[in-house]
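> Please construct the entire structure, taking both the sequences and the accompanying hints into account.
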Amino acid sequence: MRRSNFCFMPAVIVLAIAGAAPADPPPFTVTSAVRSGNIVPGSGQISSPSAFGPGQGRGVLKVAVNDSGQWIIDVHVVQTDPTLDQALLRSATGLSPFIAEGVPGSLLEPTIDHVANGFHSISLNNHNNAGLAMGLFEDDFSQSNPSSAAYLNGERVLAMEGGLVSAAGLAAGTTWEPFAADSVARLVDSGRVLIVSTVNEKGTVRRIVLVAQIDGSGNVISRTLVAKEGGPVGAGPDNWQTIAGGGHAVSMNDAGTVVFSGVTSGGTNGVYKSGTGFVAVQGGPSPVVDRNWGSLSGAPVDININGVVAIRGPLANGDGVYHELEIKDAGDGPDTADRTFGNGPLTMITGVLDDDHDVDMYRIIISDAANFSATTVPNPGEGFAGAAFDTVLTLIASQENGTRGIVQCDDVSASIPQSTITGAQAISGREYYLCVSTPKARPVARVSHFATNSFPDYDIWFGDPAGLTVSAGLVFWPMPAAGVVHARTTAGVPQADIAASLVSPHLAVDPGAGKLYWANRGGTGGPKILRSNFDGSNVEEIVTVQGFGTLTASGTTGMALDTVNGKLYWSRSVFGEINRCNLDGSAAERVIQDYPPTGAAVPTGAPLGNFAPSSLAIDAAGGKVYWVNAFLDRIERANLDGTARQTLPVGAGAVSIALHVPTGKIYWSNTAADKIQRSNLDGSAQEDVLLTPGPATISIDSAAARIYWTNNTSRVIRSALLTGTGDSVFVSVGPNVGQRIADGPGSGSAFRAWVRTGSPSGTELPYQVRITGATFRHENAVIAKGNQKVVATGDAIPGTSPHRMVTIGSAIAPIQISDRGDVLWTGTFSQPTSFNNYLFDGLFWNGERIMVSMDIVPGTNLDGQKLVNVYKTPYSISQSRNGEFAMVAVNMQDPPYNFTPQRDNALLIHFTLPAACPADYDGNGTRQVNDIFAFLADWFAGVPAAYQFGGTPGVPAIFAFLTQWFAGCP
1 MRRSNFCFMP AVIVLAIAGA APADPPPFTV TSAVRSGNIV PGSGQISSPS
51 AFGPGQGRGV LKVAVNDSGQ WIIDVHVVQT DPTLDQALLR SATGLSPFIA
101 EGVPGSLLEP TIDHVANGFH SISLNNHNNA GLAMGLFEDD FSQSNPSSAA
151 YLNGERVLAM EGGLVSAAGL AAGTTWEPFA ADSVARLVDS GRVLIVSTVN
201 EKGTVRRIVL VAQIDGSGNV ISRTLVAKEG GPVGAGPDNW QTIAGGGHAV
251 SMNDAGTVVF SGVTSGGTNG VYKSGTGFVA VQGGPSPVVD RNWGSLSGAP
301 VDININGVVA IRGPLANGDG VYHELEIKDA GDGPDTADRT FGNGPLTMIT
351 GVLDDDHDVD MYRIIISDAA NFSATTVPNP GEGFAGAAFD TVLTLIASQE
401 NGTRGIVQCD DVSASIPQST ITGAQAISGR EYYLCVSTPK ARPVARVSHF
451 ATNSFPDYDI WFGDPAGLTV SAGLVFWPMP AAGVVHARTT AGVPQADIAA
501 SLVSPHLAVD PGAGKLYWAN RGGTGGPKIL RSNFDGSNVE EIVTVQGFGT
551 LTASGTTGMA LDTVNGKLYW SRSVFGEINR CNLDGSAAER VIQDYPPTGA
601 AVPTGAPLGN FAPSSLAIDA AGGKVYWVNA FLDRIERANL DGTARQTLPV
651 GAGAVSIALH VPTGKIYWSN TAADKIQRSN LDGSAQEDVL LTPGPATISI
701 DSAAARIYWT NNTSRVIRSA LLTGTGDSVF VSVGPNVGQR IADGPGSGSA
751 FRAWVRTGSP SGTELPYQVR ITGATFRHEN AVIAKGNQKV VATGDAIPGT
801 SPHRMVTIGS AIAPIQISDR GDVLWTGTFS QPTSFNNYLF DGLFWNGERI
851 MVSMDIVPGT NLDGQKLVNV YKTPYSISQS RNGEFAMVAV NMQDPPYNFT
901 PQRDNALLIH FTLPAACPAD YDGNGTRQVN DIFAFLADWF AGVPAAYQFG
951 GTPGVPAIFA FLTQWFAGCP
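For the sequence shown, my numbering assigns the number 1 to the initial residue and increments by one for each residue that follows.
Mixed in with the good hints there might be a few duds.
Quick list of in silico lysine to aspartate or glutamate cross-link-like pairs, DMTMM-like style, CA-CA up to 25 angstroms [what the hints assert, rightly or not]:
1. Lys675 to Asp701
2. Lys515 to Glu541
3. Lys624 to Asp510
4. Lys515 to Glu431
5. Lys866 to Asp855
6. Lys675 to Asp727
7. Lys675 to Asp633
8. Lys567 to Asp584
9. Lys675 to Glu636
10. Lys273 to Asp254
11. Lys567 to Asp682
12. Lys202 to Glu161
13. Lys624 to Asp701
14. Lys675 to Glu687
15. Lys567 to Glu589
16. Lys665 to Glu636
17. Lys515 to Asp619
18. Lys624 to Asp584
19. Lys624 to Asp688
20. Lys273 to Asp238
21. Lys567 to Glu636
22. Lys202 to Asp215
23. Lys273 to Glu229
24. Lys789 to Glu764
25. Lys567 to Asp535
26. Lys624 to Glu589
27. Lys675 to Asp641
28. Lys515 to Asp701
29. Lys624 to Glu687
30. Lys866 to Asp894
31. Lys515 to Glu540
32. Lys273 to Asp938
33. Lys866 to Glu229
34. Lys665 to Asp619
35. Lys675 to Asp619
36. Lys273 to Asp189
37. Lys624 to Asp562
Just the calculated beta-carbon pair ranges, DEER-fashion [stated by the list, open to error]:
38. Gln399 to Val737: 51 to 59 angstroms
39. Arg291 to Gly230: 30 to 38 angstroms
40. Thr489 to Gln399: 45 to 53 angstroms
Just so you know, these hints were derived from the structure itself, not from any lab. Computed from a predicted structure; not experimentally measured. Note that the Cβ used here is the ideal one computed from N, Cα and C, for glycine as well.
What follows is the structure in structure tokens.
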């Protein structure tokens with residue numbers, strides 16, 4: 001058959017042949033080459049970034065490995081002089097430094113007295129020669145005349161700061177500017193050195209890409225200018241406006257083909273391959289279907305001997321809309337919140353609440369706090385549907401901000417039930433949870449219990465009315481949002497407001513003295529218990545002890561008065577205690593505590609760990625104090641002095657309690673069950689009094705035989721007879737209007753969960769949230785080799801599935817492609833754990849995991865260490881050209897992994913590679929249709945590898961290759 005006929009192979013046949021999926025990683029072994037704590041003779045101990053180790057910062061900075069597994073590693077050592085705290089190690093000499101900062105004799109040029117001062121770039125070829133860029137001092141004593149240079153090993157200066165650089169395309173007299181962190185000196189086997197750094201050309205500082213050819217002694221025998229800022233792109237006419245530097249952003253193969261990135265004066269932003277041109281540009285097609293590349297200037301790149309280019313780059317900005325279920329259903333906790341993926345501004349989120357109990361949480365970045373806003377208010381004129389139901393928008397800080405409440409909005413106004421929030425309390429550049437819910441769900445916080453971390457849940461936003469107490473014909477209720485306590489007579493006549501800044505829900509009344517007691521959450525002088533006359537006059541501070549220890553008002557969870565004996569009681573779940581004092585605050589003492597008695601501010605001894613008291617009630621005549629124990633989910637009582645503690649067989653779900661002593665009854669609200677219940681004072685004869693949505697705080701008007709209760713969802717106080725009849729609204733405080741900052745005791749503490757009120761509607765509730773001043777939490781990015789996708793953000797790859805990749809490398813993390821076509825890269829995926837939505841770092845090979853966080857990595861010199869994270873900085877990973885070896889800089893932790901040393905390690909990975917596959921003609925690691933086209937192109941060009949394939953030149957070579965191709969790869 002004639003050669004030309006091969007150009008018309010039926011498309012049906014070609015397109016029907018699928019390429020092989022990426023294979024599992026081959027078997028491999030791991031060795032820790034060096035790690036934190038190792039002693040580098042003459043330099044010091046390799047440091048660790050953890051407090052549980054040598055300290056002084058990251059220990060393993062840069063790594064490089066070649067085809068025989070030889071390596072060089074840049075380490076940071078603990079030194080009293082922070083300017084001389086690095087050493088370059090090599091496998092041939094182990095921990096004895098190859099070149100150490102500040103140590104004379106390591107360098108032969110420019111003089112024997114010069115000493116190294118920082119390593120900017122490292123590389124190692126298969127002749128075990130190193131290409132380096134480093135800073136210099138003229139001598140080790142004065143550390144004078146700092147300069148810099150590119151080196152072959154420490155023996156030959158290839159380029160010197162201030163030295164002349166001559167090459168076609170550069171003006172005479174051009175000199176090297178200082179070599180810096182983004183300078184590159186990469187040495188390959190053919191004796192070529194890629195140097196990317198800045199020069200001064202006729203007074204203009206510009207970055208250049210230059211290839212220097214050296215002889216066997218390291219002498220530069222020629223220089224070829226590949227590109228320069230301000231110079232032509234290839235043959236022109238466009239010019240380079242900027243060229244990216246950095247070890248991750250440039251590469252060269254043994255044939256001298258260079259790949260780098262930049263922006264041209266004509267606006268082209270892309271990755272450029274010498275001799276070919278741009279191989280990927282912003283706005284051009286990416287390997288992700290229907291998605292174009294974003295900005296590629298500075299993108300991590302690599303190139304193998306076959307000229308296949310690997311790129312890690314962002315995808316182009318989308319329409320700014322994020323759809324729930326694009327990755328997964330948005331959950332209602334930090335471990336299940338939807339991580340928004342995209343590029344550019346985040347302008348809208350769309351989703352559906354399953355019902356009015358559902359909550360959707362989204363991780364976002366507030367990029368501009370001053371202009372941030374989120375709203376569900378419909379705007380038909382602008383085509384914005386918003387939400388057709390009563391929404392609540394809540395902004396909660398993520399862990400980096402303390403996981404605390406920020407702002408919340410229920411209704412924009414009395415007539416608009418949708419929500420709008422702003423970033424007035426936020427910080428630009430930080431992560432937050434944007435939460436969509438209805439008023440039936442409210443966020444609660446975790447406040448650590450002294451002994452057990454067990455406690456009741458605390459509202460981050462107190463509802464209005466937040467509590468109540470009834471006595472002397474008056475009803476009092478706190479309004480934390482307004483910082484006042486309102487009052488009315490039981491007949492409904494309004495009374496004077498009492499100013500009570502930072503008021504908590506807990507009130508108590510002394511009717512005989514005409515005094516109201518309340519607790520605040522801070523302010524001047526810290527948390528206190530105060531009292532005033534009923535009209536707000538004569539405010540006195542009663543409990544003023546400060547600190548987190550016992551007998552303070554911090555974290556008050558209940559309050560009651562024993563006016564017969566002149567005592568104020570208050571409870572604190574956080575320390576497991578009930579305290580009392582005289583009504584004027586004197587003679588404070590602990591009545592019941594969760595630990596042995598002690599005079600120390602912080603108790604000592606073995607706590608019982610089962611005491612988290614909240615709502616209090618006093619039966620002075622019976623000599624008893626009652627409380628809700630949120631830990632046991634029961635009501636308990638004891639004598640007034642704390643003795644004879646007793647758990648009653650009632651109180652499951654109790655939130656607030658009140659006594660009606662004349663009838664010998666205790667009442668409690670069961671918010672979750674939508675009911676108020678009662679029993680005898682000893683817990684017998686439990687019964688339901690009435691069913692009512694979401695009852696919260698309760699109080700009893702004994703004289704009128706009526707019970708009052710709050711409902712935070714509907715923002716009302718209701719009352720009924722103690723028999724449960726005559727239920728009516730006593731007062732409504734109106735809609736929850738406007739934005740509120742967090743005001744509950746959990747406002748600065750860890751967000752825990754959402755508590756639901758009432759029964760769910762069962763109806764789906766679609767919504768749109770329009771957003772300004774925010775970006776997506778995670779960048780959409782892809783790693784490509786040639787025009788094939790290796791992995792993209794959001795992929796669930798083998799070894800991590802069903803969990804999806806959250807990040808793919810980083811803007812500065814290297815990617816490495818071997819001559820076989822295997823791609824080594826780093827990334828993170830999100831996986832819920834028992835304590836958090838943990839981000840797992842990992843090292844990956846093609847589409848498979850090599851190792852990830854929490855792995856206990858077996859191998860030599862590892863001693864059971866567990867992987868903590870993989871570094872993602874230039875030179876943090878390296879892969880040999882043949883793909884047999886890889887090296888990675890990681891942080892690991894010693895067993896048993898709790899408060900044990902964390903150590904940086906340089907891990908050497910040795911793969912047992914399968915034999916090369918002849919069908920993989922382009923050497924990219926997979927058998928695909930592109931291999932046929934690559935083979936035919938070389939066959940027509942007469943390339944011996946193709947034209948003589950199988951040992952027989954000419955047309956038979958084509959049949960031999962196709963036979964091999966259809967047979968596939970092992």
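> For each hint, tell me whether it holds in the structure or not.
Now for the hints, and whether the structure bears them out:
1. For a cut-off of 25 angstroms, the pair hint linking Lys675 to Asp701 stands: about 19 angstroms separates their Cα positions.
2. Our distance criterion of 25 angstroms between C-alpha atoms is met by Lys515 and Glu541, whose separation comes to about 13 angstroms.
3. A C-alpha spacing of about 18 angstroms is found between Lys624 and Asp510, which places the hinted pair at or below 25 angstroms, so the restraint holds.
4. Between Lys515 and Glu431 the CA atoms are separated by roughly 46 angstroms; this puts the pair beyond 25 angstroms, and the hint is violated.
5. Under the criterion of a C-alpha separation no larger than 25 angstroms, the hint pairing Lys866 with Asp855 is consistent with the structure, at around 6 angstroms.
6. With a C-alpha separation of about 13 angstroms, the suggested pair Lys675 and Asp727 falls inside the 25 angstroms cut-off, and the hint holds.
7. For the hint pairing Lys675 with Asp633, the CA-to-CA distance comes to about 16 angstroms; that is within 25 angstroms, so the pair holds.
8. A hinted pair counts as satisfied when its Cα atoms are at most 25 angstroms apart, and Lys567 with Asp584 qualifies at roughly 9 angstroms.
9. Distance hint between Lys675 and Glu636 is fulfilled; the C-alpha atoms sit about 20 angstroms from each other, no more than 25 angstroms.
10. For the suggested pair Lys273 and Asp254, the alpha carbons sit about 14 angstroms apart, so the restraint of at most 25 angstroms is met.
11. A C-alpha spacing of about 23 angstroms is found between Lys567 and Asp682, which places the hinted pair at or below 25 angstroms, so the restraint holds.
12. About 16 angstroms separates the Cα atoms of Lys202 and Glu161, which keeps this hinted pair within 25 angstroms; it holds.
13. For the suggested pair Lys624 and Asp701, the alpha carbons sit about 20 angstroms apart, so the restraint of at most 25 angstroms is met.
14. Distance check on the hinted pair: Lys675 and Glu687 sit about 10 angstroms apart at the alpha-carbon level, within 25 angstroms; holds.
15. Distance check on the hinted pair: Lys567 and Glu589 sit about 11 angstroms apart at the alpha-carbon level, within 25 angstroms; holds.
16. Of the supplied pair hints, the one linking Lys665 and Glu636 holds, its CA atoms being roughly 14 angstroms apart against a limit of 25 angstroms.
17. With a C-alpha separation of about 19 angstroms, the suggested pairing of Lys515 with Asp619 holds against the 25 angstroms cut-off.
18. Note on Lys624 and Asp584: the hinted pairing holds, with a Cα-Cα distance of about 21 angstroms set against a maximum of 25 angstroms.
19. Note on Lys624 and Asp688: the hinted pairing holds, with a Cα-Cα distance of about 24 angstroms set against a maximum of 25 angstroms.
20. A C-alpha spacing of about 15 angstroms is found between Lys273 and Asp238, which places the hinted pair at or below 25 angstroms, so the restraint holds.
21. Restraint check for Lys567 and Glu636: satisfied, since their Cα atoms lie roughly 20 angstroms apart, inside the 25 angstroms limit.
22. Restraint check for Lys202 and Asp215: the C-alpha separation of about 30 angstroms exceeds 25 angstroms, so the hint is violated.
23. Among the hinted pairs, Lys273 with Glu229 is consistent with the structure: their alpha-carbon atoms are about 16 angstroms apart, no more than 25 angstroms.
24. For the suggested pair Lys789 and Glu764, the alpha carbons sit about 37 angstroms apart, so the restraint of at most 25 angstroms is broken.
25. For the proposed pair Lys567 and Asp535, the alpha carbon gap of about 22 angstroms is at most 25 angstroms, so the pair holds.
26. A distance of roughly 17 angstroms separates the Cα atoms of Lys624 and Glu589; the hinted pair therefore holds under the 25 angstroms criterion.
27. Straight-line distance between C-alpha atoms of Lys675 and Asp641 comes to about 32 angstroms, which puts the hinted pair past the 25 angstroms bound.
28. Between Lys515 and Asp701, the direct Cα distance comes to roughly 17 angstroms. Compliance with the 25 angstroms bound is thereby established for this hinted pair.
29. Note on Lys624 and Glu687: the hinted pairing holds, with a Cα-Cα distance of about 22 angstroms set against a maximum of 25 angstroms.
30. Between Lys866 and Asp894 the CA atoms are separated by roughly 7 angstroms; this keeps the pair inside 25 angstroms, and the hint holds.
31. With a C-alpha separation of about 10 angstroms, the suggested pairing of Lys515 with Glu540 holds against the 25 angstroms cut-off.
32. Proximity of Lys273 to Asp938 is assessed by CA-CA distance (about 19 angstroms); at most 25 angstroms being required, the pair is judged to hold.
33. Between Lys866 and Glu229 the CA atoms are separated by roughly 46 angstroms; this puts the pair beyond 25 angstroms, and the hint is violated.
34. Straight-line distance between C-alpha atoms of Lys665 and Asp619 comes to about 11 angstroms, which keeps the hinted pair within the 25 angstroms bound.
35. Distance restraint check for Lys675 and Asp619: the Cα-Cα separation of roughly 24 angstroms lies within the 25 angstroms cut-off, and the hinted pair is therefore satisfied.
36. Taking the CA atoms of Lys273 and Asp189, the gap is near 19 angstroms; set against the 25 angstroms cutoff, the hint holds.
37. Of the supplied pair hints, the one linking Lys624 and Asp562 holds, its CA atoms being roughly 10 angstroms apart against a limit of 25 angstroms.
38. For Gln399 paired with Val737, a C-beta distance near 31 angstroms fails the hint of 51 to 59 angstroms.
39. Distance hint for Arg291 and Gly230: a CB-CB separation of about 33 angstroms, consistent with the stated range 30 to 38 angstroms.
40. With their beta carbons about 48 angstroms apart, Thr489 and Gln399 fall inside the hinted range of 45 to 53 angstroms.
When held up to the earlier numbered hints, the structure conflicts with 4, 22, 24, 27, 33 and 38 and fits the remainder.
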